[in-house]
Amino acid sequence: MVEPYGFTIFFNSISNIFKKKNKFCNNCGNILTIQKNGYDSDSSKGEIIINIDMRTILLSHSISDTVITLVLYFVWKQNKGRFEGISDWVMCFALQSVGITMILMRNLIPDFLSIVVANVLLIAGSVKFYFGTALFIDRKINKNFYFGLLGIFTLIYLYFGLVEPKLTVRAVVFSLFVAFINIDAARILYKSDNKKMANNYRFTWALLLLISLLYLLMAGYYIIGAAGVKFLKVGFVISLMTIISQMLLICITFSILVMINSRLVLGLEEESQKRDKILEDYKYLATVDGLTKLWNRKTIEGRLREEFDRSQRYRSKMSVILLDVDHFKKVNDNFGHPTGDLVLEKISEILKNTLRKTDFIGRWGGEEFIVVCVETDQRAVWKVAEKLRQEIEHYNFGLESQVTISLGTATLDRGESLEDILKRADDNMYRAKKAGRNKTIPSLNSKEKFYEKLENDFEICDLKV
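UniProt numbering numbers the first residue of the sequence shown as 1 and each following residue consecutively.
You can take every hint at face value.
Label-pair restraints from in silico Cβ distances:
#, residue 1, residue 2, range
1, ASP281, VAL258, 33 to 39 angstroms
2, PHE112, LYS196, 43 to 49 angstroms
3, VAL67, GLU164, 36 to 42 angstroms
Lysine-lysine pairs mimicking DSS-like chemistry, simulated, CA-CA at most 27 angstroms apart:
#, residue 1, residue 2
4, LYS383, LYS434
5, LYS283, LYS352
6, LYS329, LYS423
7, LYS274, LYS196
8, LYS433, LYS423
9, LYS293, LYS423
10, LYS298, LYS352
11, LYS423, LYS434
12, LYS383, LYS293
13, LYS317, LYS298
14, LYS387, LYS330
15, LYS352, LYS277
16, LYS352, LYS387
17, LYS277, LYS80
18, LYS293, LYS330
19, LYS352, LYS293
20, LYS346, LYS383
21, LYS387, LYS329
22, LYS143, LYS77
23, LYS143, LYS191
24, LYS274, LYS293
25, LYS387, LYS293
The hints are simulated quantities; they were obtained by calculation from the structure and are not laboratory data.
Beta carbons: idealized from backbone N, C-alpha and C, even for Gly.
With the hints as extra help, turn the sequences into a complete structure.
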């Protein structure tokens, strides 16, 4: 009777060597022995009885476990630091390999090692598989529970392995422990909320449930039909179940590698998305002012140049507004620079919310701002500027003195350069400051007495300089 063991892998090819009837094949390398009327001398019918050499299966399992341990070790070494859990899987198969090797050495080493220690290592390997799965999917678990479970298993094997040896009891206990651990591993995979890995996890937990079912069937068979069997002489049913468990473990090993590969791909995608986000942030920071979140001077100059070229090409109207916060230095001196920053932020918000959708605004420098009004003539840009001035004037900033702005407007004349219109707007803004601040000085040109019209239409005689 073979000592039951946890995860077995690698399905060894079965070779048949047939000889004459009623003679067994004694060739050293045979795994199958076939006999007609061999075990039942009273049998009147020719029945073929098949025995699978469990020692050969155990040896192949130990070798394949060692190979898998090495493969997972190199995978872990290459991806160390990316995600956790692989090192526990490495330990799982390493413990399996050592445990099975110790079982193969029965009668060569003390029973304490080949029965108790060997099977404790196998269960410990299953526990490490569970721990690795939990770490891989970032799931918190109660490790102390499994340490206690491992202690209970050790005590049972000490008693039924050395004190009162009962192979069937040990086999049932082992099978139930392995089934329970695998079911719990399948449970945490099933409950994982990682939707991107759901398909990979589904494949793995389904395999874990299948192998758990197989071990439950083993436990039932040991209870019902395998009483009195001896070490390494387990019969065809247990041998077949062992081979099936190997096949399932091959699939589980494959699913582990698939999960690792999927995590790597997802990790690369996430890193790529982070890089794209960083690039977008850098682009954003390169175009906007950090304090006011308005376009910075470089960006607004480029946008102004585009609008100027468009206006020249299609001979359309274009106007600009330059404005400056009145007595802003006193705000900083009296209330501190943090308060001054808050004032600029609020002014930027008011200006942005007051402007038309077709207009665009930027921070020109310091406490100066520029507004570009497309398809806007002298009269319309003056209205826009006045609305901005009144919104600022009537807002309560919570300071002892009222915050106001001074504005100057300019509308593009045919044949005029961009520098010319900006200079006129700047001159008008400073004229507004000299006129007492909190005023709007409109654009003046030689073709139209616009200033006189404003006097008549809007009664703004106080705007004269």
